[in-house]
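So the protein sequences, as listed, match chains W and G.
Per the working numbering, the first sequence starts with residue 1, numbered consecutively.
Per the working numbering, the second sequence starts with residue 1, numbered consecutively.
If you're looking for bench data, these hints aren't it; they were derived computationally from the structure.
No false leads were slipped in.
Residues from chain G shown here face chain W by an in silico Cβ test under 7 Å; the list is partial: (1) G44; (2) L45; (3) W47; (4) F95; (5) W104; (6) P106; (7) D108; (8) W110; (9) Q112; (10) G113.
Okay, derived cross-link-like pairs now, DSS-like style, lysine-lysine, Cα gap no bigger than 27 Å in a straight line: (11) K42/W x K43/G; (12) K42/W x K76/G; (13) K43/G x K39/W; (14) K65/G x K43/G; (15) K102/W x K43/G; (16) K39/W x K102/W; (17) K42/W x K106/W; (18) K43/G x K106/W; (19) K106/W x K39/W; (20) K65/G x K76/G; (21) K42/W x K102/W.
If you want the ones that stay clear, here's a sample from chain G, every Cβ over 12 Å from chain W, calculated: (22) G8; (23) F11; (24) V118; (25) S119.
Glycine included, each C-beta is placed from N, C-alpha and C at the ideal position.
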Amino acid sequence: DIQMTQSPSTLSASVGDTVAITCRASQNIDTWLAWYQQKPGKAPTLLIYDASTLESGVPSRFSGGGSGTDFTLTISSLQPDDFATYYCQQYTTYYTFGQGTKLEIK
Amino acid sequence: EVQLLESGGGFIQPGGSLRLSCAASGFTFTNYAMTWVRQAPGKGLEWVSAISGGGDHTYYADSVKGRFTISRDTSKNTLFLQMNSLRAEDTAVYFCAKEQEEDWNPFDHWGQGTLVTVSS
Numbered sequence: 001d002i003q004m005t006q007s008p009s010t011l012s013a014s015v016g017d018t019v020a021i022t023c024r025a026s027q028n029i030d031t032w033l034a035w036y037q038q039k040p041g042k043a044p045t046l047l048i049y050d051a052s053t054l055e056s057g058v059p060s061r062f063s064g065g066g067s068g069t070d071f072t073l074t075i076s077s078l079q080p081d082d083f084a085t086y087y088c089q090q091y092t093t094y095y096t097f098g099q100g101t102k103l104e105i106k
Numbered sequence: 001e002v003q004l005l006e007s008g009g010g011f012i013q014p015g016g017s018l019r020l021s022c023a024a025s026g027f028t029f030t031n032y033a034m035t036w037v038r039q040a041p042g043k044g045l046e047w048v049s050a051i052s053g054g055g056d057h058t059y060y061a062d063s064v065k066g067r068f069t070i071s072r073d074t075s076k077n078t079l080f081l082q083m084n085s086l087r088a089e090d091t092a093v094y095f096c097a098k099e100q101e102e103d104w105n106p107f108d109h110w111g112q113g114t115l116v117t118v119s120s
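The following block holds chain W by itself, in its conformation from the complex:
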């Protein structure tokens, strides 16, 4: 089974900051990686797929990169609406999510 490890588990930041969340796969997944945002009591929403492709309607301040085993989600110029929990997901063989990163207001 492919394991996904996110870091950090919690991230404190302020509006206007730029932050990065990392995700590491236990084996090579090429670019078969997605990022989701989830707000309390809501379903997740797809932000990025294929490691770096922005889903339609997602603001350009979100960007993704990486390949193989190491990936990054970067959020530039944080907005109040961005404070949420973020998950990475591999979809090369079955599906595995990372444990999540909670982005909170400093």
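Dock chain G against the given chain W, drawing on the hints supplied.
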């Protein structure tokens, strides 16, 4: 507009059974694989099961294999998850989701979720 609406959650005793439904609309149901994802209270996301667009291929997480069965009714555009031999650790919000395409793709639309509580 794609819409996914889950139902069937509730309170059930350990060892019991429950069937979840997910009514889909706004897209050609048979063209897309569908999946179930769950989230235990205060925890992260866990993929549970997936089914191909035609319903001929099904996949399960090890944690539910042999106890849960995924199926779809293309005439009613509805996805199902039959859950048997339920355990306390199956307590979670269950989301249905539409995959972007067939064969292992991210989930581009999600339902609002239905809560399953397994407790004596």
